[in-house]
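Chemist: Here the structure of chain U is known, so what remains is to put chain W in place on it, guided by the hints.
Listed here are the chains, written in short residue letters.
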Amino acid sequence: MSENLRKLSGRKGLDNNLFEQLVNSSKAEGTPTDEKLKDLAWEYLMGNANTYGAGSFYDFLKKENKGKKAYVCNGSACLVADTQEKVTETLAKNFSKDEIGEMCCMGRCHENSAFNVRGRNYSGMAINNLKKILSSEVSGLEKYNVAANVSNPVLTGTPLNAESFKALFVKADAMGVKNILNEIDNANVRGRGGAGFSMGFKWESCRITESDQKFIVCNADEGDPGAYSDRYLLEVQPYSVLFGIMMAGLVVGADRGVVYLRAEYSEAINITQLAIDELTRIGMNGTNIGGTGFDFTFKIIEGAGAYVCGEETALLSSIEGQRPEVRVRPPYPTQEGLFGKPTIVNNVETLATVPWILENGGEAYANFGTQKSTGTKLVCLDSFFNKPGMYEIEMGTPLSTIVEEFGGGFKSEVKALHIGGPLGGIIPTHKISDLELDFESFQKQGFLLGHASVVSIPKEFSMVKYIEHLFEFTAVESCGKCFPCSIGSVRGKEMFANAQQGEPINQELLDDLLETMEIGSLCALGGGLPLGVKNALQYFKEEIIK
Amino acid sequence: MNNEQSKIAYINNEPFKVQGDETILHFLKRYMGDNPVPTLCDAPNLKPFGSCRVCSVEVALEQDGLTKVQASCHTPVMADSFIYTHTHKIEKLRKNIVELVLTDYPADKFETDNPNTNELKKVALDLNITPDDVRYAPGANHLNRSVDEDHSYMRSDLAACINCYRCIRACDEVQGEMVLTMAGRGFENTVIMGMNEGFKNSDCVSCGACSQACPTGAITDVFNSKTNEVVETTRTICTYCGVGCNLDVAVKDNEVISITAPYDAEVNQGHTCLKGRYAFKFYNHPERLRSPLIKRNGKFKEVSWEEVYDFIVDKLTTIKSENGPDAIAGISSARCTNEENYLMQKFIRAVVGTNNIDGCARVCHSPTALGMQRAFGTGAATNSIIDLNYTNCMLVIGANPTAAHPVTGAKLKQAAMKGTTLIVVDPRETVLARYADYHLQLRPGTNVALLNMMLYYIIKENVQDDDFIDNRTEGFEDFKSQILALDMDKMAEITGVDKDLVRNAAVAYAKAKNAMSFHGLGVTEHSQGTFTVQLIADLALITGNIGRRGVGVNPLRGQNNVQGSADMGVQPHQGAGYLDITQEEVQNIYTDFYKVEMPKEVGYKIPEMFDAALEGKLKALWIIGEDVVQTDPNTTKVKKALNSLDLFIVQELFMTETAMLADVVLPGASFLEKSGTFTNGERRVQRVNATVLPIEGTKVDGQIIIDVMNRMGYAQPAYNAKEMLEEISQIVPFFKGITWERLGTNGLQWPVAEDGSDTEIIHLEEFKRGKGKFSYFDWKETEEIIENGEKYPYIITTNRELEHYNCGAMTRRTGNVDIITEDVLLINAQDAADKNIKEGEMVCVTSARGKVDIKAKISKEVKPGVMSTTFHFPEIMVNLITSDVHDSEAKCPEYKVVAVNIRKSKGKFANA
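Protein chains in written order, with my numbering: chain U, 3 to 548; chain W, 30 to 941.
Pulled out of the complex, with its shape left as it was, chain U reads as follows:
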């Protein structure tokens, strides 16, 4: 992170946003031209190296992305479902090898066979209709179950629309900032992005920081393979998310709200933009919202393919057009965030709870779940379940209930569940009965709730191969800043690749590597990966150490 670049980018800020220009300039050919990179550097008073370096970081900006016309999902769920070879083969009949790239992940974990052509995502049986898809505007229809185990769902109920958004805004405005914050505090919402940090505390700390400008940023960079709950919210409940953003703005005194939305979710981008347009139409976006004198303007910033942007400091650097490398803390974003101004970064699911809380009260929300893990949590189940889908589950619910009742059990034999994304824990099926869906239960058993996505690892799938995949994911997605993560992930990947070639794993070295990454890494990417590997070593040791 460069303070200079952050401030220089901040001169033009969000309205004439550097990163947006980089992304837009890549649309024609898949990568910005060198001339464009130089022009942008000149315009933003930066070095040519800065725009070049930033562009080279992202999957969909880098030079290698030039001319790509189709992408195959390489996320964990599609990997273990073993569907992608066929997808690639089918695509190869219509595209040259150079035109096919990879994407991680499209959030179609419930039916796999995911790919992207013409800027749209497809999955399930769609690959069988590729010819038709390419010749006409067939939309990427998908099917997944949605249900809740509470009678008055927080996140999956009747979606807000523009009008009910407006009515709720009027109500909230009448409550006043103090009461809104009280309700959020009473609800005791913990961040759903994975870290479980208190939303109310974050808002309050940003509120009391003095500044001429503040920002609200919604982290919609749902990159965890296996997760598609944020995508659901943005596609089905966009007004709830936007309402949460606006309330954060009202509370802390920010007038800009950014939705940083990953490029892999093009449908979500379109739907959320339509919702913003609708809000604009009814006077709920821009200046003098609802005649209250409150100014608040939404903006979607489209990502460009980089998992690490889900880490909040990297995300902020990304919006600034810098290379999204993880920053040291302090300062925290609530003190010095976007363009150096106090900023709240909240996850989609966290913000989406706000309308319900203001409608029903924070106490009602806190009545759901356990004492420390209140409310409900969206859980995504992959295609190994009989009923794949996205379920709203009250915190504290036994994991077995989710697997059996909501998921309907497994289609075929599964040996472990990888819950919480690539940095989550690997839970052998016999441990399912020991777990409840809350932060504490998972932690106590040596796992991690994270974003609560569930990827099933089938019995026949090699654990060594799966761990190689996790190391490779980290190696590919590591920002490269800290030594333990950037070098360690590559050496880990090589160790497990070599193991598949018959090279036994040196357990002492592996333990050292895992400890180095876990305690030495700068952020949760390098620091989080070892958990799942250690789980695997504990429960599937005979598969790994031979």
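Don't take every hint at face value.
[To be verified] Cut-off 30 Å, straight-line C-alpha distance, at most; resulting in silico cross-link-like pairs (DSS-like, lysine-lysine): (1) Lys64/U with Lys447/W; (2) Lys9/U with Lys229/W; (3) Lys543/U with Lys229/W.
[To be verified] Listed next, the stretches of chain W that the computed footprint assigns to chain U, with coverage defined by at least 3 CB atoms under 8 Å from CB atoms of chain U: (4) 73-79; (5) 209-222; (6) 420-433; (7) 897-906.
Simulated from the structure, these hints should not be mistaken for laboratory data.
Fair warning: this is a prediction, and the values are worked out from it, not measured in the lab.
For each residue, glycine too, the CB sits at the ideal point set by N, CA and C.
Modeler: This is chain W only, laid out in the frame that chain U set:
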């Protein structure tokens, strides 16, 4: 209690006091010394970054309690925490990280790396690990990265790069150039230059900050500045601009092998520019003069020192007895030490017996000295560069510090990038102008009109500082009525700057809590130069921006010791310490001190010397280290004047254009070969230490002067910096407390009181002259435009390039000449199109004085009607066309407004 006094933390169970929000590493360093824990990505002049993680420590909330591993470089110390620096767990972590690093580091290089200069090797050996101990199977690596050897100075061998980002951060945080970045992602991250095009093709300014920052020599330079085998390092002061960078000069076998910048230097904090760091090879260049020369029958002949001294003494004595002492003059050198300048003026005054002594300040900042003396009583910067840390607004007038004062320029740019308001008044779109909030791009020669506009709007908008005006100034009411009588529309037309823009800039300057002004030769080298300086002083007075941190009037002095040369009395009207030599009591002071009768009349200023020579009144001239032929305006006239002298002595390093005309050439010594002091632009007197012996055949300049003094009957002990300084401190009032010992490593800012205390900011409570004086001046079109404007409708304004220094005698004899090879003419696309001139074509530029052919460079830096060029190269001799109009008060030439006409060249270079 959150009381700072009581904040304590424990290092390995021992309690220590914590300072503010310091990081753990900072805390450890204060109690455990420079290297309490190993680190690979931290560097003294860079912000905490947290990439290597080798500095990690364990932190517990209670003694020997549960610990958390934290990177010490960026984690603040928690009150009452227990920090463990070398536990088994931490040592293992460090070793394991370094093991990972060694999996992608060339083992053969590690073998030969010197742990004293290679930080990775040092850390690895301390942790007891080498490439042989790496347990990982060979895998992906970057050991085959190519080597970049295309640049004049910079080198990279990225196989040895460990991706610590230090070079990238140095380029950004220290220099602010942002030429370096990572490209790619994760393990594939690679340091690149510009658009991945190597140093040479990138916008690299060769400051070398990256090379100094690199821990492994992956980025280095042709001198291997960080990794070479140094036998001895001597700290001295740079010979180029007035910033006064401290340099660590590495020497082996009496030869300078490289230069780096000390981190503890208050002036430059581990930074310097390509001139200071790399442009030193001139000092032992084959073309260095190595013997005294006497011209006989039009040819120079090498002679002994004895012979040349006899020749000089004989000639000077004859001229003095036949024509009187006023037929002799001296031009001393701002490149020489204070002690040498003091000696030269002493020689001219006390030995020859005339006040005909002047220096290059005449052609650069003489209007500053005079204008600031008139307004404040002291002709020097009111504040220090460190005040940039405390200012809210920077007003830069007629200065291009990123080229001419690179380290200060970098600091200004850094502040502007981070949001400090910047106002630039300049006819050119300089680098700083691009970063400015307000760029007032005026027509050359209209500074007075523009500053009057600013002053008008400050009064009109009622944003002046009434308290300050009432208590600390005089003459405001008259001044105000004259300013308010001005017609802003007319002024806007004269300057060519929109009046609303001027108003907004003026209000921004006035309303800033603390505002600093900086100015350069774009202010002084004008017919109204002194008046412009007085108006800049008016701006500071009217807004109360004097006498505290972050404010003031801060001239950017051009040459390393131009401040010092004036301080030492190299001026025809003031002796050492700025005492007025026409005052009887002053004459008595000098007479008592020098033990000879003092001359009483004000002597010649440099341009007057040339006039006097042409008139036959001046017979002998001794110039030290100044190429007046190439750098003074109207070359033809200068040459004619020099050729009419009976005795012309030039003391030089090289056979310059001026030296060629001399009767006697004396081979002096460069800054690397002598000791003394230089005074930088913020009045800081710093020790210059000889790093090598003078090149054989040359002498230290001060010794040459002393030799002649003694031979002319004045007893002066041999040159010794420390003893000379003792003499100076007895006569220069503001040097009273200065001694060689007290100057220490970072020098002292004058005035220095008897007890040795120095002064960062002057005019704190009152001005040297009592009250600050407001002065009003009408803008007046320069004679150059009035007389020649019609026939020569374009204006050339001269400037400097970063890579070269003044006449280029030094920089043209270094690798810098491979970076910038010639003077060019910056011309706007519209003007070029009008005259059918294309990029790179030769243009014939004519003025009332003469003509030159010069290559066109089409540039947005200049507006239509205005052109710009440099005079670093004798091949072009741009000063053939410059005018000899001078500042009405201080006689500084008007280099900045030259009326010219242009056409495509028909000459022999047309197709060059």
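Chemist: Could you run down the list of hints and mark each one as holding or not?
Modeler: Status of each hint after checking the structure:
1. For the hint pairing lysine 64/U with lysine 447/W, the CA-to-CA distance comes to about 29 Å; that is within 30 Å, so the pair holds.
2. Of the supplied pair hints, the one linking lysine 9/U and lysine 229/W holds, its CA atoms being roughly 28 Å apart against a limit of 30 Å.
3. Distance restraint check for lysine 543/U and lysine 229/W: the Cα-Cα separation of roughly 54 Å exceeds the 30 Å cut-off, and the hinted pair is therefore not satisfied.
4. Look at the stretch 73-79 of chain W against chain U: 4 of its residues bring a Cβ nearer than 8 Å to a Cβ of that chain, three or more, so the hint holds.
5. Here the stretch 209-222 of chain W counts 12 residues with a CB under 8 Å from a CB of chain U, which clears the bar of 3, and the coverage holds.
6. Here the stretch 420-433 of chain W counts 0 residues with a CB under 8 Å from a CB of chain U, which misses the bar of 3, and the coverage is violated.
7. Residues of the stretch 897-906 of chain W lying with their CB closer than 8 Å to a CB of chain U number 0, which falls below the three-residue condition for coverage.
Going down the numbered hints, you'll see the structure goes against 3, 6 and 7, while the others check out.
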